[in-house]
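Engineer: Note that the protein sequences, when read in sequence, are chains A and B. First residue of the first sequence? That's 1 in our numbering, and the numbers climb one at a time after it. First residue of the second sequence? That's 1 in our numbering, and the numbers climb one at a time after it.
Fair warning: there could be bad hints in the mix.
Just a sample of chain A residues kept apart from chain B, beta carbon distances all over 10 Å, derived [claimed, not checked]:
1) A11
2) E80
3) A137
Incomplete in silico selection of chain A near chain B, CB under 10 Å [said to hold, decoys possible]:
4) D75
5) L78
6) G89
7) G119
Keep in mind the hints are simulated off the structure, nothing from the lab. A virtual CB, placed ideally from N, CA and C, is assigned to each residue, including glycine.
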Amino acid sequence: MSSLLTPELLAHIGRQAPPHRELVTRRDIRKYAIATGQRLRKYLDGDEAPPMFHVALFWPVVERDQIAPDGVAIDSFLPEFPLKRAMAGGLKIEYSRTVAPGDWLTATRTLTDIYEKQGRSGPLIFYEVVMRVTNDAGEDMLTETTTRILR
Amino acid sequence: MSIDSPKIGDQLPGRDIACDAVQLFQYNAALWNAHRIHFDFPYATEAEGYPGLVIAGPLMGDWLSQCVIEWLSDHGRLASIEYSNRQAAYVGEVLHVGGTVTAVDPQARTVSLELFVRNEAGETITPGAAVVELVAD
Chain A
1 MSSLLTPELL
11 AHIGRQAPPH
21 RELVTRRDIR
31 KYAIATGQRL
41 RKYLDGDEAP
51 PMFHVALFWP
61 VVERDQIAPD
71 GVAIDSFLPE
81 FPLKRAMAGG
91 LKIEYSRTVA
101 PGDWLTATRT
111 LTDIYEKQGR
121 SGPLIFYEVV
131 MRVTNDAGED
141 MLTETTTRIL
151 R
Chain B
1 MSIDSPKIGD
11 QLPGRDIACD
21 AVQLFQYNAA
31 LWNAHRIHFD
41 FPYATEAEGY
51 PGLVIAGPLM
61 GDWLSQCVIE
71 WLSDHGRLAS
81 IEYSNRQAAY
91 VGEVLHVGGT
101 VTAVDPQART
111 VSLELFVRNE
121 AGETITPGAA
131 VVELVAD
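Working from the sequences, and respecting the hints, build out all of it.
Structural biologist: So, in structure tokens, the structure goes:
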């Protein structure tokens, strides 16, 4: 089987994005809590962030010329892959501390793996990104490992 | 069931969720995610060939986390969660979110859970797992 993954592409494994710092606000927590259908008062009132709030906090905010025709933000951190259509993959999140309004959080993303598998209707490319989130004291808040699939 | 003495095989209280276009819009707006498969019906169906507006993958992951933390209440904390989006779901479907206790470690006071989002056909479209740490008595 010929591989879609060139040495040039695989050389991106280990690449790290510049740290990204964001402020957690009660309003953003409330929007996220309502949108996800949370039922616990502490989340709906924005006193504490739901466990997956960081997904929204660190979603890329890019200018209009960096949005592809399908509406997806072009992630300049990632190399150009030979397959283009993204299928949702999976996440693993390990929690150290809860997030609350007023927290300044810093996310650092590292591209940790790129690999190929044969799917039912052709080859699939998987890539893995680890995002470590810390607070201003340098303490770990959570670590998220995302696996995305391209077809 | 009692969260105070969880046993292997215990079922977490399940929940039916019917995500409508408003909820899906609000979720992607909260993320600032403009992926058209989530709000542009002609694009999702004609250009991408989906049967409807696609429920965002991490939204289903969030429902799994809610299933855990509502069951856990203030008896402990969520230590880790993982899931994979195996199959898509669409606006208009009624999805069932639930979980089962798969392991209990009394020494470490941890409980392992298997989680799922199932569609109306009973297929597990988003399997997941979580570990919670119970607080000491």
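Engineer: Could you run down the list of hints and mark each one as holding or not?
Structural biologist: Against the structure, the hints:
Annotated as non-interface, A/A11 keeps its C-beta farther than 10 Å from every C-beta of chain B; the closest such distance is 27 Å. Distance check for A/E80 against chain B: the nearest CB is about 19 Å away, which clears 10 Å, and the non-interface claim stands. Every beta carbon of chain B lies more than 10 Å from that of A/A137, the smallest distance being close to 19 Å; the non-interface claim holds. Taken as an interface hint, A/D75 does not check out: its beta carbon lies about 12 Å from the nearest beta carbon of chain B, beyond 10 Å.
Residue-level restraint check for A/L78 is violated (minimum Cβ-Cβ distance to chain B is 16 Å; threshold 10 Å). Of the supplied interface hints, the one on A/G89 holds, with its beta-carbon coming within about 7 Å of a beta-carbon of chain B, less than 10 Å. Annotation: interface hint on A/G119 violated; nearest CB of chain B at approximately 12 Å, more than 10 Å.
Hints 4, 5 and 7 from the earlier list are contradicted by this structure; the remaining hints agree with it.
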